[in-house]
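Protein chains: 2
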Amino acid sequence: MPEKRVYLNRDRVLRAAVALADEIGIDALSMRRLAQELGVVPMALYKHVQNKEELLDGMVEVIIGEIDAPVVDAEWKTVVRERVLSARRALQRHPWARSVLETRTRQTPAVLDYMDSFTGMFLDGGLSVDLTHHVMHAIGGRMWGFTQELFDDSAARKAAPPMPPEAQAAMMRQMGDSYPNILAVAMASAHDEGTAVGHGCDDQFEFEFALDVMLDGFERLHERGWSSRRAAV
Amino acid sequence: MPEKRVYLNRDRVLRAAVALADEIGIDALSMRRLAQELGVVPMALYKHVQNKEELLDGMVEVIIGEIDAPVVDAEWKTVVRERVLSARRALQRHPWARSVLETRTRQTPAVLDYMDSFTGMFLDGGLSVDLTHHVMHAIGGRMWGFTQELFDDSAARKAAPPMPPEAQAAMMRQMGDSYPNILAVAMASAHDEGTAVGHGCDDQFEFEFALDVMLDGFERLHERGWSSRRAAV
DNA sequence: ACCTGAACACCGTTCAAGT
DNA sequence: ACCTGAACACCGTTCAAGT
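If you read the protein sequences in the order shown, they are chains A and B. Residue numbers in the first sequence follow this note's numbering, run continuously in steps of one, and reach 216 at the last position. Residue numbers in the second sequence follow this note's numbering, run continuously in steps of one, and reach 216 at the last position.
Don't take every hint at face value.
To be verified - Derived EDC-like pairs: lysine to aspartate or glutamate, alpha-carbon spacing no greater than 20 Å straight-line: (1) A:60 x B:191; (2) A:35 x A:5; (3) A:60 x B:202.
I should point out that these hints are in silico values taken from the structure, not numbers from a laboratory.
Using the sequences and the accompanying hints, generate a full structural model.
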């Protein structure tokens, strides 16, 4: 008696990939091994995922789906803090996730959604778009690896050829519908670049901004005689 | 007329690997491709490097060698700042270095030397061993990826079986000769763990420490009406 | 002491077919 | 519409030899 044939789909493939990576580790996760797990020939996967890169992008989507929505009715610092800790918990559930995130460069809709929502936590908290911009860069590494590339277009530029201005404007308009917060920040920093006074997206500036926030914080703790014992209280 | 045969050595192999990765990218760097570059059969490399992992560890050594020594006669914040910026420059010269560093878990002598010297910048600046400990964790991601694992022994524990106390003491003594600063910090946090009040090496605590340093810093900038224009002055 | 050659058990992905 | 099979051009690493 032939079993009812259950067709593969993208979602089944991605979930199986996440589960398998949890089990055998990311290095051992190959297209061939995943196919075997699904009881299918390797090439069957390529109907649902263009290549291995896209499989990894899809696995990131699954992880992002595990991050809690922002808490409501709290000051922005609490909202951000809880969200970051939730993201951290999601990453910890999947030990391979950190290293995969760090290699992703494609800005999939799932990633952009998360970024937009994250940006919104600062803007809703009343931070200026300027400060929010640099804060997003600074917190990037702590949120996880790919924030850096969001407002920094060097990665995107490599992927896509330059666009005529009208196409750029059209894209901006379309982005505004889905990602209003990202758009607000991107527009403000583009304006800054025009005036040549602010810092649109200078990689070195962003790095030093984050470094100085940390060093200044350390200095204040040192001056106050901070110790982890007292912090525990 | 036969050319004088120049034997391979570890250093030649590592330098060639770094140069080749710069040229063709880290993904394309294979033992086979590297051997070809050196005009040698793949297996010849295995005399100088146990396997590919060790090749990557060796490439990290080369990178560390490019980081400037700490500047002298300056306050600790400046010393740290300059060192971090120097490390950043080294990483930027080798675009593949970041991703390689993030996958390294072995604590080679080169890595320990760098860590010890880095720790020393804070201790010499007068920070307490306690604060230095948490600061080292906090700055880890900014320095680069592997600091996290230094005082956190979970990675080391996986690699090596547990030791009898005498062996541990002997190792400590030996470490004290080469890495006095690491030892000072490690001993202080071990003591804390005994009192069960401080935070020896709680991963979650370290993460939140760093997160809160950033968030508090952002809040202060927000309150002061910070803008990148004024920061430029 | 150092390098070689052949072989093993893997990869991701293509192409042209099968149902 | 979806899956298959065979093949291609690669990997890292072993082992037993060569000079």
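Next on the checklist: Please list, smallest to largest, the hint numbers that this structure does not respect.
Outcome noted: Checked against the structure, no hint fails, so every one of them is satisfied.
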